[in-house]
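S.K.: Make the full structure from the sequences, and use the hints.
In the order they appear, the protein sequences are chains A and B. Its first residue numbered 1, the first sequence is counted upward by one per residue in the numbering used here. Its first residue numbered 1, the second sequence is counted upward by one per residue in the numbering used here.
Hints may contain errors.
[Stated by the list, open to error] Taking lysine-lysine pairs in the BS3-like style, the calculated list, with each CA pair at most 27 Å apart, reads:
#1 A/K8 to B/K34
#2 A/K4 to B/K149
#3 B/K149 to A/K8
#4 A/K24 to B/K27
#5 A/K8 to B/K165
#6 A/K229 to B/K67
#7 A/K703 to B/K87
#8 A/K8 to B/K83
#9 B/K149 to A/K229
#10 A/K666 to B/K149
#11 A/K4 to B/K169
In case anyone wonders, no lab produced these hints; they're calculated from the structure.
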Amino acid sequence: MDDKQLDKILSDIDVPEANENARKRAVNLAVAEFEQYQQKKSKNFQGFPILARLMDRTNQNDRRDPMEKASRKKLVYGGMATAFAVVLVATTSLYQLSNNTVGTGSTVTSAELSKVQFALNEEKSGKNFSSIAENITTAIPSPWRGPSDKKAQKAETEADFLAGQSLEMADAEVASPVPAAPPMMAQKMKRERLEEGRAQVGSVIQPAPADMDSVSPRYQDEGRDKFEKAEINPFKQVSEAPVSTFSVDVDTASYSFVRRQLNSGVMPNPDAVRIEEMINYFDYNYPLPESREQPFKPTVTMMDSPWAKGKKLMHIGIKGFDLQGERPKSNLVFLLDVSGSMNAPDKLPLLVNSLKMLVDNLNEDDKVSIVVYAGAAGAVLEPTAASDKTKIYNALNSLQAGGSTAGAAGINLAYQLAEENFDEEAVNRVILATDGDFNVGITDREKLQDFVEEKRKTGIFLSVFGFGQGNYNDHLMQTLAQNGNGIAAYIDTLSEARKILVEEATSSLFPIAKDVKIQIEFNPDAVAEYRLVGYETRALKREDFNNDKVDAGDIGAGHTVTAIYEIVPVGSEATSVDPLRYGDKEETPAKTEEASDFDGEYAFLKVRYKLPKEDTSKLLTTPVTTANDAGSIKDMIENADNNSLMNDIAFSTSVAGFAQMLKDDKHLQDLSYDDIIETANKTKGEDPFGYRTEFIQLVRLAKSIDN
Amino acid sequence: MNEQEDNALIARCKKGDARAFEDLVNKHYNTIFKMAYKWCANEKDAEDITQEACIKLARGLDSFKGKSAFTSWLYTLVINTAKDWYKKNNRHRSAEDIETASIDSQSDETLYAKQILAAVHDLPDTEKEALLLVHSEGLSHKEAAKVLKCKESTISWRIHEARKKLGAKFERNARYG
Numbered sequence: 001m002d003d004k005q006l007d008k009i010l011s012d013i014d015v016p017e018a019n020e021n022a023r024k025r026a027v028n029l030a031v032a033e034f035e036q037y038q039q040k041k042s043k044n045f046q047g048f049p050i051l052a053r054l055m056d057r058t059n060q061n062d063r064r065d066p067m068e069k070a071s072r073k074k075l076v077y078g079g080m081a082t083a084f085a086v087v088l089v090a091t092t093s094l095y096q097l098s099n100n101t102v103g104t105g106s107t108v109t110s111a112e113l114s115k116v117q118f119a120l121n122e123e124k125s126g127k128n129f130s131s132i133a134e135n136i137t138t139a140i141p142s143p144w145r146g147p148s149d150k151k152a153q154k155a156e157t158e159a160d161f162l163a164g165q166s167l168e169m170a171d172a173e174v175a176s177p178v179p180a181a182p183p184m185m186a187q188k189m190k191r192e193r194l195e196e197g198r199a200q201v202g203s204v205i206q207p208a209p210a211d212m213d214s215v216s217p218r219y220q221d222e223g224r225d226k227f228e229k230a231e232i233n234p235f236k237q238v239s240e241a242p243v244s245t246f247s248v249d250v251d252t253a254s255y256s257f258v259r260r261q262l263n264s265g266v267m268p269n270p271d272a273v274r275i276e277e278m279i280n281y282f283d284y285n286y287p288l289p290e291s292r293e294q295p296f297k298p299t300v301t302m303m304d305s306p307w308a309k310g311k312k313l314m315h316i317g318i319k320g321f322d323l324q325g326e327r328p329k330s331n332l333v334f335l336l337d338v339s340g341s342m343n344a345p346d347k348l349p350l351l352v353n354s355l356k357m358l359v360d361n362l363n364e365d366d367k368v369s370i371v372v373y374a375g376a377a378g379a380v381l382e383p384t385a386a387s388d389k390t391k392i393y394n395a396l397n398s399l400q401a402g403g404s405t406a407g408a409a410g411i412n413l414a415y416q417l418a419e420e421n422f423d424e425e426a427v428n429r430v431i432l433a434t435d436g437d438f439n440v441g442i443t444d445r446e447k448l449q450d451f452v453e454e455k456r457k458t459g460i461f462l463s464v465f466g467f468g469q470g471n472y473n474d475h476l477m478q479t480l481a482q483n484g485n486g487i488a489a490y491i492d493t494l495s496e497a498r499k500i501l502v503e504e505a506t507s508s509l510f511p512i513a514k515d516v517k518i519q520i521e522f523n524p525d526a527v528a529e530y531r532l533v534g535y536e537t538r539a540l541k542r543e544d545f546n547n548d549k550v551d552a553g554d555i556g557a558g559h560t561v562t563a564i565y566e567i568v569p570v571g572s573e574a575t576s577v578d579p580l581r582y583g584d585k586e587e588t589p590a591k592t593e594e595a596s597d598f599d600g601e602y603a604f605l606k607v608r609y610k611l612p613k614e615d616t617s618k619l620l621t622t623p624v625t626t627a628n629d630a631g632s633i634k635d636m637i638e639n640a641d642n643n644s645l646m647n648d649i650a651f652s653t654s655v656a657g658f659a660q661m662l663k664d665d666k667h668l669q670d671l672s673y674d675d676i677i678e679t680a681n682k683t684k685g686e687d688p689f690g691y692r693t694e695f696i697q698l699v700r701l702a703k704s705i706d707n
Numbered sequence: 001m002n003e004q005e006d007n008a009l010i011a012r013c014k015k016g017d018a019r020a021f022e023d024l025v026n027k028h029y030n031t032i033f034k035m036a037y038k039w040c041a042n043e044k045d046a047e048d049i050t051q052e053a054c055i056k057l058a059r060g061l062d063s064f065k066g067k068s069a070f071t072s073w074l075y076t077l078v079i080n081t082a083k084d085w086y087k088k089n090n091r092h093r094s095a096e097d098i099e100t101a102s103i104d105s106q107s108d109e110t111l112y113a114k115q116i117l118a119a120v121h122d123l124p125d126t127e128k129e130a131l132l133l134v135h136s137e138g139l140s141h142k143e144a145a146k147v148l149k150c151k152e153s154t155i156s157w158r159i160h161e162a163r164k165k166l167g168a169k170f171e172r173n174a175r176y177g
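M.R.: Shown next as structure tokens:
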């Protein structure tokens, strides 16, 4: 069977004219549906005042909106499917529990059923759920309704159909024993979802999270996570833009969030993937600077691109020196969100346990205070020495969640406390832990940002720890942490909390350099095109590099930062843009003469940084030459015997490859999940904490979800 | 299909303009119908699928982000609708369902085409959709990969598989016919 024959037969399928009546009918139905959907949509919008208030005033109609809606929608369908599956269990167990021995096929009136549910509820779960039970009296699942109830039938079909979409997951839910409370909740959720979701079923339907660990009887906000949308960096012509500038980023929030999504069986929202944060999640063994005068040293390696033929990667690794034993005093103010939405096992309890771990590892003379905010803000623990652990523990244990979220008032109070105890010698830091938004007080993101920035200048830094999902406002977290000279981390499990607060406590808490900017000038004789992998949200203007007023990322003690450029060498066939026909050709020979001094130089790397307490920046420079060439990944692994550096570099490129696959694989010509697994497996090294092994598991997961 | 025109219409739809939506559906009805017909090769089913797809479009338009051309997004929607429709109606496509409007004279050549068409419709969905997009709609492997949300290599592989299967079935015919 050859191509042409097939082409001919298949393209010659004679499609009959569409029937005019059928067309009119379809158009009318579709328009009616459209109008109904629009109405629902506007209603729904009024139903989410929180969302409405949080829109950034300056760009109401920005491009994030469709993304957010789309992601919300996915979860809604998933939620419906889960709800339906759980409802099956609920109704079955109701059969068994109630004295009504109803045979299959006979009908039960809604009133009867709700009575049973209500009674059962009070008996089983006590007062906590009685209010929920009231809510569900009308939420009898459609199988109980008479056949004449058309709406219900339609809803049922939809749910049926959705359940079919995520059959595997539904099976898992049905098979597992479900406590009495979740089905109740699920029914309520289902009703809400059906009302708003019925009109919303679109073309993209994804299986719901099947993470049984995170199924809780509490209200779980879904799909309202906010991410900033950033297009992946394109290839740039060296002839047009020879200089590339960006700010470092040591955050790791994106990796934990992606991990959580993958573990619950969904591909992450591409906007949630920040490639540099995925790469920087891991610690790499880059060489340290010889002297303490200089806080870090860049290590540059050139290698063949593992995902595109004819291209190379320029791998820049930076490791900050580690404070060994001599960690400075710290004055920490925990600013904790205890609003109602924090009432979930993966939020407040996890937060409390995380902070206990942190407090355990503080020095005796460190100071800790705790400010909480919900409907109002208040200090629960005045500044206390870390030696008084019982007092701190008691304060943490007394925390309870409830109320709305007046984050801004909390921030004011937290900074006030930090200022009162300001210690010149110490690291003064506010640590904000929250699951989402500030919806009371200063809700304007820019004002908050200005506030944090203002305070940063007084020497108080801000770090942000994110918890939970569903209403996670990643964008705001990032903005605040970046402007507050802090890190933004996402804590999804206790082991992640351990990693950030114990193992990496020194790097998370003690900066060794601030406003670290990187600038690369490419040699047009050696490099035709380049592309920075990741750091989309960290791009700086060329002139910002030398401007000390422009804020940039910080590096903590022992932090590693990795940046990867993909370049197309001059003469490679892999260029994406054809040379200009009318380009300036005459000048070229003269230029080569002049540039001969720079033979074998790919680029010139410049790093600017400030020491934590200084305001003027220092400059580090190094040329990148052919001497930095390390060959292909294969060569690197083979030559890596005693050189864990090469292994680490190869590992970081496999993380970069994976992150790009999740975000946007348009630059990946030749890379599969299996390639990534293979490289990562060979280069994971000792991996004492198992993070790299976990990474390989994630790739496997993604592979199976993606299929 | 004018892409700019589409995008303008879609922008209006997203603001809730029902008129714009009506225009959009009218404009693309034939495209959708053609795609649906190619999928099921049966006029009645194609009409049903098209209707379903139009309704889905009403609710799903919000998830169109303008990342790709509207028509390729539409391909995805129609293929998904068609698959769901078959699932829901629990029907198996059979050679009998396939109308052969194109084949009037039962010459050897057209008979052969008819057989191939029937065989194409017996292929697994994944291979069938790849084959139709590439060989019937004339998309490149890359474009098809975007529509079907998989890798380019996956498309190539599926088409290769499909061709192998068709080849095995018709090898004899080809040799003697």
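S.K.: Confirm or reject each hint.
M.R.: Going through the hints against the structure:
no.: 1; hint: A/K8 to B/K34; result: 17 Å, holds
no.: 2; hint: A/K4 to B/K149; result: 26 Å, holds
no.: 3; hint: B/K149 to A/K8; result: 26 Å, holds
no.: 4; hint: A/K24 to B/K27; result: 12 Å, holds
no.: 5; hint: A/K8 to B/K165; result: 18 Å, holds
no.: 6; hint: A/K229 to B/K67; result: 13 Å, holds
no.: 7; hint: A/K703 to B/K87; result: 25 Å, holds
no.: 8; hint: A/K8 to B/K83; result: 25 Å, holds
no.: 9; hint: B/K149 to A/K229; result: 20 Å, holds
no.: 10; hint: A/K666 to B/K149; result: 12 Å, holds
no.: 11; hint: A/K4 to B/K169; result: 18 Å, holds
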